[in-house]
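Undergrad: Can you build the whole structure from these sequences, using the hints too?
Protein chains: 4
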Amino acid sequence: MFVFEANPMPAQFTFPFSPKGKSAIVPSPPWSYAGDALVVEFWARPDAVKALLPEGLKLDEDAGHAQALFVDWQFTASGDEFLDPARYQYREFYILIDAIYRDKKVAFCPYIFVDNDSAMARGWAQGFPKRLASVFQTRTFAAPSKASPRLAAGNRFAGSMSSNGQRLAEGRVLIEKPLENPSSLASRPTINLRHFPQLATGKHQTPAVHELVQAQFSNYSLKDAWVGRGDLVLPECRGEELSDLAPLKCGLGFRASMGLTVDGLIILPT
Amino acid sequence: MFVFEANPMPAQFTFPFSPKGKSAIVPSPPWSYAGDALVVEFWARPDAVKALLPEGLKLDEDAGHAQALFVDWQFTASGDEFLDPARYQYREFYILIDAIYRDKKVAFCPYIFVDNDSAMARGWAQGFPKRLASVFQTRTFAAPSKASPRLAAGNRFAGSMSSNGQRLAEGRVLIEKPLENPSSLASRPTINLRHFPQLATGKHQTPAVHELVQAQFSNYSLKDAWVGRGDLVLPECRGEELSDLAPLKCGLGFRASMGLTVDGLIILPT
Amino acid sequence: MFVFEANPMPAQFTFPFSPKGKSAIVPSPPWSYAGDALVVEFWARPDAVKALLPEGLKLDEDAGHAQALFVDWQFTASGDEFLDPARYQYREFYILIDAIYRDKKVAFCPYIFVDNDSAMARGWAQGFPKRLASVFQTRTFAAPSKASPRLAAGNRFAGSMSSNGQRLAEGRVLIEKPLENPSSLASRPTINLRHFPQLATGKHQTPAVHELVQAQFSNYSLKDAWVGRGDLVLPECRGEELSDLAPLKCGLGFRASMGLTVDGLIILPT
Amino acid sequence: MFVFEANPMPAQFTFPFSPKGKSAIVPSPPWSYAGDALVVEFWARPDAVKALLPEGLKLDEDAGHAQALFVDWQFTASGDEFLDPARYQYREFYILIDAIYRDKKVAFCPYIFVDNDSAMARGWAQGFPKRLASVFQTRTFAAPSKASPRLAAGNRFAGSMSSNGQRLAEGRVLIEKPLENPSSLASRPTINLRHFPQLATGKHQTPAVHELVQAQFSNYSLKDAWVGRGDLVLPECRGEELSDLAPLKCGLGFRASMGLTVDGLIILPT
Numbered sequence: 153m154f155v156f157e158a159n160p161m162p163a164q165f166t167f168p169f170s171p172k173g174k175s176a177i178v179p180s181p182p183w184s185y186a187g188d189a190l191v192v193e194f195w196a197r198p199d200a201v202k203a204l205l206p207e208g209l210k211l212d213e214d215a216g217h218a219q220a221l222f223v224d225w226q227f228t229a230s231g232d233e234f235l236d237p238a239r240y241q242y243r244e245f246y247i248l249i250d251a252i253y254r255d256k257k258v259a260f261c262p263y264i265f266v267d268n269d270s271a272m273a274r275g276w277a278q279g280f281p282k283r284l285a286s287v288f289q290t291r292t293f294a295a296p297s298k299a300s301p302r303l304a305a306g307n308r309f310a311g312s313m314s315s316n317g318q319r320l321a322e323g324r325v326l327i328e329k330p331l332e333n334p335s336s337l338a339s340r341p342t343i344n345l346r347h348f349p350q351l352a353t354g355k356h357q358t359p360a361v362h363e364l365v366q367a368q369f370s371n372y373s374l375k376d377a378w379v380g381r382g383d384l385v386l387p388e389c390r391g392e393e394l395s396d397l398a399p400l401k402c403g404l405g406f407r408a409s410m411g412l413t414v415d416g417l418i419i420l421p422t
Numbered sequence: 153m154f155v156f157e158a159n160p161m162p163a164q165f166t167f168p169f170s171p172k173g174k175s176a177i178v179p180s181p182p183w184s185y186a187g188d189a190l191v192v193e194f195w196a197r198p199d200a201v202k203a204l205l206p207e208g209l210k211l212d213e214d215a216g217h218a219q220a221l222f223v224d225w226q227f228t229a230s231g232d233e234f235l236d237p238a239r240y241q242y243r244e245f246y247i248l249i250d251a252i253y254r255d256k257k258v259a260f261c262p263y264i265f266v267d268n269d270s271a272m273a274r275g276w277a278q279g280f281p282k283r284l285a286s287v288f289q290t291r292t293f294a295a296p297s298k299a300s301p302r303l304a305a306g307n308r309f310a311g312s313m314s315s316n317g318q319r320l321a322e323g324r325v326l327i328e329k330p331l332e333n334p335s336s337l338a339s340r341p342t343i344n345l346r347h348f349p350q351l352a353t354g355k356h357q358t359p360a361v362h363e364l365v366q367a368q369f370s371n372y373s374l375k376d377a378w379v380g381r382g383d384l385v386l387p388e389c390r391g392e393e394l395s396d397l398a399p400l401k402c403g404l405g406f407r408a409s410m411g412l413t414v415d416g417l418i419i420l421p422t
Numbered sequence: 153m154f155v156f157e158a159n160p161m162p163a164q165f166t167f168p169f170s171p172k173g174k175s176a177i178v179p180s181p182p183w184s185y186a187g188d189a190l191v192v193e194f195w196a197r198p199d200a201v202k203a204l205l206p207e208g209l210k211l212d213e214d215a216g217h218a219q220a221l222f223v224d225w226q227f228t229a230s231g232d233e234f235l236d237p238a239r240y241q242y243r244e245f246y247i248l249i250d251a252i253y254r255d256k257k258v259a260f261c262p263y264i265f266v267d268n269d270s271a272m273a274r275g276w277a278q279g280f281p282k283r284l285a286s287v288f289q290t291r292t293f294a295a296p297s298k299a300s301p302r303l304a305a306g307n308r309f310a311g312s313m314s315s316n317g318q319r320l321a322e323g324r325v326l327i328e329k330p331l332e333n334p335s336s337l338a339s340r341p342t343i344n345l346r347h348f349p350q351l352a353t354g355k356h357q358t359p360a361v362h363e364l365v366q367a368q369f370s371n372y373s374l375k376d377a378w379v380g381r382g383d384l385v386l387p388e389c390r391g392e393e394l395s396d397l398a399p400l401k402c403g404l405g406f407r408a409s410m411g412l413t414v415d416g417l418i419i420l421p422t
Numbered sequence: 153m154f155v156f157e158a159n160p161m162p163a164q165f166t167f168p169f170s171p172k173g174k175s176a177i178v179p180s181p182p183w184s185y186a187g188d189a190l191v192v193e194f195w196a197r198p199d200a201v202k203a204l205l206p207e208g209l210k211l212d213e214d215a216g217h218a219q220a221l222f223v224d225w226q227f228t229a230s231g232d233e234f235l236d237p238a239r240y241q242y243r244e245f246y247i248l249i250d251a252i253y254r255d256k257k258v259a260f261c262p263y264i265f266v267d268n269d270s271a272m273a274r275g276w277a278q279g280f281p282k283r284l285a286s287v288f289q290t291r292t293f294a295a296p297s298k299a300s301p302r303l304a305a306g307n308r309f310a311g312s313m314s315s316n317g318q319r320l321a322e323g324r325v326l327i328e329k330p331l332e333n334p335s336s337l338a339s340r341p342t343i344n345l346r347h348f349p350q351l352a353t354g355k356h357q358t359p360a361v362h363e364l365v366q367a368q369f370s371n372y373s374l375k376d377a378w379v380g381r382g383d384l385v386l387p388e389c390r391g392e393e394l395s396d397l398a399p400l401k402c403g404l405g406f407r408a409s410m411g412l413t414v415d416g417l418i419i420l421p422t
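Residue numbers (the numbering used here), protein chains in the order written: chain L, 153 to 422; chain E, 153 to 422; chain C, 153 to 422; chain V, 153 to 422.
Don't read these hints as lab results, they were simulated from the structure. Don't take every hint at face value.
Where chains are identical, the list cannot tell them apart; a pair therefore holds if satisfied intra-copy or between any two copies.
Said to hold, decoys possible - Straight-line distance between alpha carbons at most 27 angstroms, and here's what the computed DSS-like set of lysine-lysine pairs gives: (1) Lys375 <-> Lys298; (2) Lys256 <-> Lys298; (3) Lys375 <-> Lys329; (4) Lys172 <-> Lys298; (5) Lys202 <-> Lys401; (6) Lys298 <-> Lys401; (7) Lys375 <-> Lys257; (8) Lys174 <-> Lys210; (9) Lys256 <-> Lys202; (10) Lys355 <-> Lys174; (11) Lys202 <-> Lys257; (12) Lys355 <-> Lys298; (13) Lys174 <-> Lys298; (14) Lys172 <-> Lys355; (15) Lys401 <-> Lys329; (16) Lys256 <-> Lys355; (17) Lys401 <-> Lys172; (18) Lys172 <-> Lys375; (19) Lys257 <-> Lys401.
TA: The following block contains the structure:
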């Protein structure tokens with residue numbers, strides 16, 4: 153195997169490898185994000201949640217409890233990437249399911265979809281199993297308009313996600329009051345299954361990388377967080393299994409702005 | 153010619169005509185909008201501006217003066233369309249050039265691009281000559297993040313527009329201070345050339361509709377308006393003439409949120 | 153109203169109007185096309201078909217009979233547009249329903265979707281009520297491969313259409329034998345309802361253009377036409393009425409290549 | 153590290169891992185392909201080519217010699233994926249540069265772009281450094297039409313590729329005669345740099361996977377191959393380095409259909 157340290161292009165995090173590093177699909181970390189999120193709490197069938205947990209994770213006692221998130225993201229690394237929104241701005245939908253790792257309450261991400269390749273590549277590096285989709289959510293704007301729900305009790309926001317032309321998820325949030333304890337929104341660490349397959353002949357069942365990891369964040373911020381009621385639909389679609397998580401019941405709904413920096417990750421022992 | 157009033161589907165503004173009107177590309181007006189806008193003031197070659205003016209409009213005395221606008225829009229009619237962002241949310245880029253109509257200072261829109269078909273159809277009904285493109289702009293988010301420029305002096309926002317895979321426009325705004333006199337942003341009425349071609353054999357040069365119109369707005373609102381310096385690039389591209397307006401000089405830059413309702417229009421006499 | 157003949161830009165069929173005409177969304181006719189088509193014959197509920205017929209058309213005696221077509225198109229006018237596939241190549245899905253116009257058997261197009269704005273604009277000029285969608289069909293390639301169905305008995309082709317993230321149509325064709333009488337594929341003239349709305353205040357219900365038209369074609373060619381069995385699904389979707397035409401029964405399926413030129417149209421008397 | 157063999161989802165090649173494997177971004181290999189390709193031979197600056205070669209590869213004696221390929225692909229694995237073109241059909245642009253591996257003439261792929269996420273994921277598994285783009289090429293259709301160039305001397309085909317709204321490549325081929333010795337089209341084995349980054353804190357410069365690999369193909373077929381003259385443009389674009397390979401000279405051009413199966417790969421010693 154090649155020793156990377158001896159490579160003449162050492163400073164670049166990932167491919168394509170070009171002399172100045174500008175063509176790379178992802179700039180080197182740390183990676184900073186700002187976003188608007190719609191979040192719907194729900195309960196899926198416990199056996200459907202259990203079937204998605206990798207080795208090392210167990211079903212939470214609140215079996216089947218999960219969250220669906222629609223996020224409009226803006227990204228930057230150290231190169232003012234926020235000024236190139238055509239390449240780096242993106243939208244995301246993902247599911248977090250409650251799980252237990254070594255007696256610790258964690259969240260695990262079995263499904264995630266984005267509309268941008270740089271986001272997909274960063275996701276894979278972090279263990280997020282990203283696929284492409286179109287993702288949309290209702291926005292609020294500073295100027296008053298019938299077209300823009302204000303952040304005020306009784307207003308509604310909706311999100312949707314479609315992949316390969318099929319509508320896989322629709323969510324709605326009715327906001328009722330400002331969220332007093334913001335920590336309730338993201339109280340569990342997210343554990344991912346980082347995986348890179350092996351295509352070497354005869355070894356397709358022995359992946360090159362297959363490990364539980366925990367992201368390392370900094371600069372977490374939350375603003376304009378509102379809570380109310382949420383609703384989620386995960387329709388049955390050809391060639392897809394996301395609908396196995398179709399809600400038995402929905403719970404709280406949230407709408408918030410947030411910021412964070414991804415610095416790296418920790419590989420977890422089993 | 154068919155008399156529309158006798159048609160069994162009378163209440164629908166445009167096609168496709170379906171029994172309940174749900175399939176229509178555009179719901180019936182009035183149409184309400186909320187948006188975030190980046191605006192760059194610039195001066196193009198006066199002869200290039202003049203070449204775009206239809207009969208009935210004359211070159212303004214500030215010959216060549218124009219604006220480029222990038223807008224993230226949210227739309228609604230009377231059916232809560234803001235809750236279906238996959239179908240109705242969109243992004244737009246357009247140029248307004250200063251002109252004179254019967255001694256009145258007006259703005260004329262020679263080029264406009266959107267990323268949504270419902271917006272295109274509404275545009276055509278209003279006389280906006282819309283084509284499809286991908287349009288992006290830097291956003292600001294409520295939560296602090298390195299990835300999000302705050303509305304504060306010295307911060308930068310960028311926009312870009314690409315059609316059929318060619319980058320036709322790039323803009324930047326450096327905001328310096330809140331805008332004290334917001335009326336400076338949209339002081340002229342917008343005059344459009346409403347056009348619908350004639351494909352009847354032998355009559356291709358006699359359009360079915362070809363008239364100057366002025367939009368009728370209500371509920372205009374402006375919020376969080378900042379002013380600073382703007383910059384715009386309109387690169388030469390194969391099969392395109394937008395670059396004829398390439399700035400000789402750029403001027404002010406703006407970043408603002410706005411809302412408005414389009415109620416109808418007036419057909420202007422020549 | 154403006155007299156178009158006096159306009160300084162007389163030779164251009166439609167907007168945007170630029171000095172050399174290059175920016176126009178559509179080049180001037182005639183328009184030539186080459187395409188690969190999947191066609192599924194089906195019968196919808198007669199009342200659902202009847203509800204889509206405009207004034208001037210009556211239900212055919214084979215009440216409910218219709219066709220669904222998926223087409224991969226390549227377009228050219230007189231400017232070698234086939235060498236700019238990013239701007240002019242496109243994919244289309246449409247429905248043709250049997251109808252009677254003044255005792256003549258015709259086909260009427262109530263729904264049509266494309267993935268390209270130039271195709272949309274040409275469609276509107278012809279009376280096709282086009283909206284945007286993503287459209288795909290299985291292709292056959294000259295080189296043998298497990299990934300490519302050959303034109304041979306027993307092989308299968310599939311098509312799908314999704315608009316605004318919802319899967320609105322799925323079709324399949326199993327080919328059985330070469331089509332001996334190609335005229336069976338397109339035996340009826342297509343009648344469209346050409347419509348352009350009126351946004352002038354107080355006149356929204358009196359469209360500027362609303363007329364039945366018949367396209368004028370030349371250079372029609374058909375090649376490699378196969379016939380077999382077809383299957384079509386039109387799923388129920390939020391905010392859509394296409395599913396009212398969901399097949400009661402499906403019939404023949406076709407797969408063919410075709411070429412044609414659109415020269416103009418005739419406005420039909422009522 | 154987790155042992156994959158003990159995982160309850162052993163039969164799935166890559167993520168997302170769902171009980172039946174249907175949600176996976178890529179079905180398990182082998183992977184079969186059929187495609188139409190436009191190929192342009194060219195010579196870039198030798199130092200620009202050399203700067204892209206990873207450790208283990210040397211510059212070929214025909215320094216700077218390269219090929220640009222535009223391909224319309226159809227994909228299938230064992231699940232009739234060719235019948236789900238919305239998910240699995242795709243278009244690709246890539247560059248192959250001549251290189252030497254241990255005295256063997258090989259081709260190396262420094263840049264490759266596709267318009268589909270499943271293709272991107274398969275590419276990464278194979279060591280192709282894929283990013284997203286829109287890719288188009290002129291097609292030929294069986295039925296005669298002015299819109300369709302036939303496979304006959306003097307006809308022209310064009311391709312283009314745009315990523316994040318910038319036009320990165322344009323190619324043209326004028327075909328002159330059938331290709332008599334098809335092996336001239338793909339005479340060298342393709343060597344890729346398979347890479348998967350390491351995000352573990354403090355180890356960003358030590359990738360998890362970084363190795364030269366050679367694909368293992370079977371069922372290679374070529375049909376309707378024509379040769380003539382090629383032309384290629386790689387414009388300078390913001391944030392991109394592909395233009396460093398801008399042709400000093402262009403050579404032959406090809407247009408062909410091809411099929412192949414990817415069975416696996418061999419990891420190459422250094």
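Undergrad: With reference to the structure, classify each hint as holding or not holding.
TA: Here is what the structure says about each hint:
1. Lys375 <-> Lys298: Answer is both; intra-copy 23 angstroms and inter-copy 15 angstroms each pass.
2. Lys256 <-> Lys298: For lysine 256 and lysine 298, neither the intra-copy (46 angstroms) nor the inter-copy (31 angstroms) Cα distance is at most 27 angstroms.
3. Lys375 <-> Lys329: both (13 angstroms within a copy, 23 angstroms between copies)
4. Lys172 <-> Lys298: between (48 angstroms within a copy, 23 angstroms between copies)
5. Lys202 <-> Lys401: within (17 angstroms within a copy, 41 angstroms between copies)
6. Lys298 <-> Lys401: neither (31 angstroms within a copy, 37 angstroms between copies)
7. Lys375 <-> Lys257: within (25 angstroms within a copy, 43 angstroms between copies)
8. Lys174 <-> Lys210: between (42 angstroms within a copy, 23 angstroms between copies)
9. Lys256 <-> Lys202: Classified as within; 16 angstroms inside a copy, 51 angstroms across copies.
10. Lys355 <-> Lys174: between (34 angstroms within a copy, 21 angstroms between copies)
11. Lys202 <-> Lys257: So lysine 202 and lysine 257 pass the 27 angstroms test inside one copy only (15 angstroms; across, 51 angstroms).
12. Lys355 <-> Lys298: between (58 angstroms within a copy, 23 angstroms between copies)
13. Lys174 <-> Lys298: The answer is between: 20 angstroms across copies meets 27 angstroms, while 43 angstroms in one copy does not.
14. Lys172 <-> Lys355: Classified as between; 21 angstroms across copies, 35 angstroms inside a copy.
15. Lys401 <-> Lys329: within (21 angstroms within a copy, 48 angstroms between copies)
16. Lys256 <-> Lys355: For lysine 256 and lysine 355, the Cα distance is within 27 angstroms only across copies (26 angstroms; inside one copy 34 angstroms).
17. Lys401 <-> Lys172: For lysine 401 and lysine 172, only the inter-copy Cα distance (24 angstroms) is at most 27 angstroms; the intra-copy one is 51 angstroms.
18. Lys172 <-> Lys375: Intra 37 angstroms, inter 40 angstroms, cutoff 27 angstroms: neither.
19. Lys257 <-> Lys401: within (21 angstroms within a copy, 53 angstroms between copies)
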